[in-house]
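Undergrad: Given chain A, work out where chain B should sit, using these hints.
There are 2 protein chains.
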Amino acid sequence: MSNNQAAPAANATNTKHVVTVDTAGGRYPIHIGAGRLTHLAESLPADTTAVVIVTNPTVFALFGALVKKALSQLTVPISVVELPDGEAHKDLTTLNLIFDHMLGKQLDRRAVIVALGGGVIGDMAGFAASVYMRGIRFVQVPTTLLAQVDSSVGGKTAVNHPLGKNMIGAFYQPIAVEIDTNVLTSLPDREISAGLAEVVKYGLIMDGDFFKWCEDNAQGLRARDPALLTQAIRQSCEFKAEVVSQDEREGGLRAILNLGHTFGHAIEAGMGYGQWLHGEAVGCGMVLAAALSEKVCDLPSTSVTRVKNVVHAIGCPTAAPALNGFEQWMTLMRGDKKTQAGEIKFVLMPKIGQVIVRSAPADAVQAVLKAHCDATDTKTA
Amino acid sequence: MSNNQAAPAANATNTKHVVTVDTAGGRYPIHIGAGRLTHLAESLPADTTAVVIVTNPTVFALFGALVKKALSQLTVPISVVELPDGEAHKDLTTLNLIFDHMLGKQLDRRAVIVALGGGVIGDMAGFAASVYMRGIRFVQVPTTLLAQVDSSVGGKTAVNHPLGKNMIGAFYQPIAVEIDTNVLTSLPDREISAGLAEVVKYGLIMDGDFFKWCEDNAQGLRARDPALLTQAIRQSCEFKAEVVSQDEREGGLRAILNLGHTFGHAIEAGMGYGQWLHGEAVGCGMVLAAALSEKVCDLPSTSVTRVKNVVHAIGCPTAAPALNGFEQWMTLMRGDKKTQAGEIKFVLMPKIGQVIVRSAPADAVQAVLKAHCDATDTKTA
Chain A
1 MSNNQAAPAA
11 NATNTKHVVT
21 VDTAGGRYPI
31 HIGAGRLTHL
41 AESLPADTTA
51 VVIVTNPTVF
61 ALFGALVKKA
71 LSQLTVPISV
81 VELPDGEAHK
91 DLTTLNLIFD
101 HMLGKQLDRR
111 AVIVALGGGV
121 IGDMAGFAAS
131 VYMRGIRFVQ
141 VPTTLLAQVD
151 SSVGGKTAVN
161 HPLGKNMIGA
171 FYQPIAVEID
181 TNVLTSLPDR
191 EISAGLAEVV
201 KYGLIMDGDF
211 FKWCEDNAQG
221 LRARDPALLT
231 QAIRQSCEFK
241 AEVVSQDERE
251 GGLRAILNLG
261 HTFGHAIEAG
271 MGYGQWLHGE
281 AVGCGMVLAA
291 ALSEKVCDLP
301 STSVTRVKNV
311 VHAIGCPTAA
321 PALNGFEQWM
331 TLMRGDKKTQ
341 AGEIKFVLMP
351 KIGQVIVRSA
361 PADAVQAVLK
371 AHCDATDTKT
381 A
Chain B
1 MSNNQAAPAA
11 NATNTKHVVT
21 VDTAGGRYPI
31 HIGAGRLTHL
41 AESLPADTTA
51 VVIVTNPTVF
61 ALFGALVKKA
71 LSQLTVPISV
81 VELPDGEAHK
91 DLTTLNLIFD
101 HMLGKQLDRR
111 AVIVALGGGV
121 IGDMAGFAAS
131 VYMRGIRFVQ
141 VPTTLLAQVD
151 SSVGGKTAVN
161 HPLGKNMIGA
171 FYQPIAVEID
181 TNVLTSLPDR
191 EISAGLAEVV
201 KYGLIMDGDF
211 FKWCEDNAQG
221 LRARDPALLT
231 QAIRQSCEFK
241 AEVVSQDERE
251 GGLRAILNLG
261 HTFGHAIEAG
271 MGYGQWLHGE
281 AVGCGMVLAA
291 ALSEKVCDLP
301 STSVTRVKNV
311 VHAIGCPTAA
321 PALNGFEQWM
331 TLMRGDKKTQ
341 AGEIKFVLMP
351 KIGQVIVRSA
361 PADAVQAVLK
371 AHCDATDTKT
381 A
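As given, the protein sequences belong to chains A and B, one line each in that order.
The first sequence begins at 1 in my numbering and counts up one residue at a time.
The second sequence begins at 1 in my numbering and counts up one residue at a time.
Hints listed in this document are in silico derivations from the structure and should not be mistaken for laboratory results.
Idealized CB from N, CA, C, for every residue including glycine.
According to the in silico footprint, chain A covers these stretches of chain B (three or more CB under 8 Å from chain A):
(1) 96 to 106
(2) 129 to 141
(3) 329 to 340
Reference excerpt, derived from the structure (chain B facing chain A, CB under 10 Å, subset only):
(4) Ala24
(5) Thr157
(6) Tyr172
(7) Glu250
So here's chain A without its partners, still in its complex pose (with noise of 0.2 Å):
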C-alpha cells in the first residue's frame, strides 16, 4: 500500500512528497518536488561503483549539466549514454548501445544508472538494469509530464518489437524515482497535453472525485498552474502505487491501468510509432472505451460526454484514425498483452471511477469506431 507525508518546507527547492511503492520487486519511493534534480545523490547508494546516466541529446542538452553537478559529490565515475531520441528507435539494438558503453567500462554489479528522460528512455534505461549482468540497480527521473505520472513508476520496463509495442522487457522496479515539477517548464503543449490523459485515466479508473477535480481544473493544469500540476503528479503516483502495490505482476487488477490503451496501442502501431504521443493516443483510446463501455455495460452517455469533453479540453484527439478500416484495428488490438487465446480483453468503465476487463462483441467494437474515425486520420485536438 502507499502512504505519503510532506517533508518540511524548509526552502522551496527542498520541498518534497514522498509515496511509496512497495512490491514483491522490492520497496522505493517516489520524491516529487520543485528542484529534486539538485539532490538527485541522495537516492544513491553508498556502496554505488560508478553512475551511467541514460538520456537522449535533447534531455541532455537541458538536464545534463545540472544532473552531473549534483551527482558531482558522489567520489565514483560518472558516464552518460545518449540514445537517439523517440519512440521508433526503442528497440533491442538502442539498448544494446548501453550495454557496449558499460561492458567497455567494465561496470561492475554495483554500478547505478540513473534514467533521465521520458518514458522511452526509462523503459530502456530500467530494461539495461535488469538484464546487465542478470540485474542491477537503476533510479527513474522522469522529465515529462507523462513518465512522471506513469511509465517511472511500477516497473514495467521494456522496448518495442516490429511486430508489438512493449513485447520484449521486465518487471524490474527502481530503487527509487525522482521528480523535479520544475522540469515540466521545457515541454511542448503536446507532451503536457499527453500527460494529463494519464491523470484523466486515474480519476476515471479509481475516483470519480478526482475526474470531477480534472474537469474542474483541465484548463489551469493545461496552463502548467505549478501546484495544481503537483497535485495531479502526487494523487496519480498515489493512485498508480496502489494498484502495482496490489498486483506487480499484471495478474489481475493492475490491467486497469490499461484503460484506453488497447485501442490507443493500436493508434500508435497503426500511425507508426511516435506519430501520435502515447498519452494522446491513450486520451483518444479512452473516448472510444467510454463508448464501448455505453454499448456493453451501461456507462450513461452523458459519461461518455463527460470523457470526450476532458479529453478535449486537456488537449488530446477525440477522434481515432481510419486506419486500413476494421481488420487493421481488430489485428492491432488482438496484438494487445491483455488477448487471451485470440480474445481481446478491453478495460471498460461501467460507471465513472470504476472498471472492468472484459471481450466486447465484433459488431459493438465495429459501431464504436465507425463512429469515432476520422476519415481523414487527422487528429481534431
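TA: Quick look at chain B alone, frame taken from chain A:
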C-alpha cells in the same frame, strides 16, 4: 531447501527421482529418469495456450519427433524454433529469432517455451521466456550432461556480448526441469567429459566424500554407466538446488558455484567461444583454482594433485592455454561478473569440500598461470 524421493518403479521408463528447487522466484520440480522425454506433457500447465519448442537442428534431429509426439496429447498448437548451433550464436540477434517466431504467431502470455537442448539453448530459451511480454513460463529439457547437472537448474539465463560471456540475462526460474538420462547415449565423449567437470565441482565445493566418489568412479562415469550417471546427476541437482534455494540471485553463497569459472571464462573468451567446451574450461579452471588455493589459502599440495588427476581422469584438459600472456588473462578475468571495483574475486579451496570467495595477489595468479599454461595452446586431455 531440496528434498528427493523415488517414485514407484512401475516400469523402467516411468522411474523418476524428484528434486525440488524452492526460490523466491518459484518452486519447481526436477524430474530425473530414463525416458522422461515421453512424459513431457505432465509438466505443462492446464491453461497452456501454445507450446514453443526452442532447440537446435542437431538436437531436434535426434529428439524432435519423440518430443512432438509426447506433447501432441495437449490440444494446443505446437511449434518449433531451431536456433543455429553453438556458443558463437548465443547473442541478442539469435534471441530475436524466438521473438520473431512467437510474435509472428501472436502467441500470448500463457504460451509455454520448452527449452530442448544443451546449456546454450537453455540459457537463450530461458532468457527469451523471461522477457517475452515481460515473462512467460518455460520448461527446461536439458540434453547434455553439463546442462543436466548445472545450467538447467537455478534460473540463470543469459546471452553473450562481444565484450563478455553471459553479460545480458536474468535470474528467471523454469516451472519444471525434465532430465531424461537416455539422451546421454547420443553425446560425443567430449560432452560427457565436460559435464563430469561440473559434477566434480560439487564435490570440491560442498562434499569431500562426493569428490572421493567421483575419483573412485571416474572411469565408470566416463564410460556412461547408467546407474553411476543417474546418481551423479541426482546428487549434483540436490547440491545445486540447495545452493540456489538459499541464494537465488548470487548475493553471496551462490558464488561458490563459480569454482573454476573465473579462469574458465577467460579461457573460453580468450580462445574464442566454442573452441573449448564450457565444462572443459571449468575443469582446467579448477586445476588452476586448486593451485592458487595452495598459494593463498593453504590447500595441501596432495589435494592439488588429486584435483589435477581427477580432471584428467574424466577426460578434461589440465593445462591452460597461454593466450596472449598474463595481461590478457587479467583483462579477461576482470570482466568476470564477480569483480568488484576492479578487484577479481576467485573461488578458492582451503580444503577439498569447502570454498571461500576472495581476491588474490597478482604475483600468485601469475605464478599459477606460468606453471600451468601450455605455451603451444594445445589441450592435453
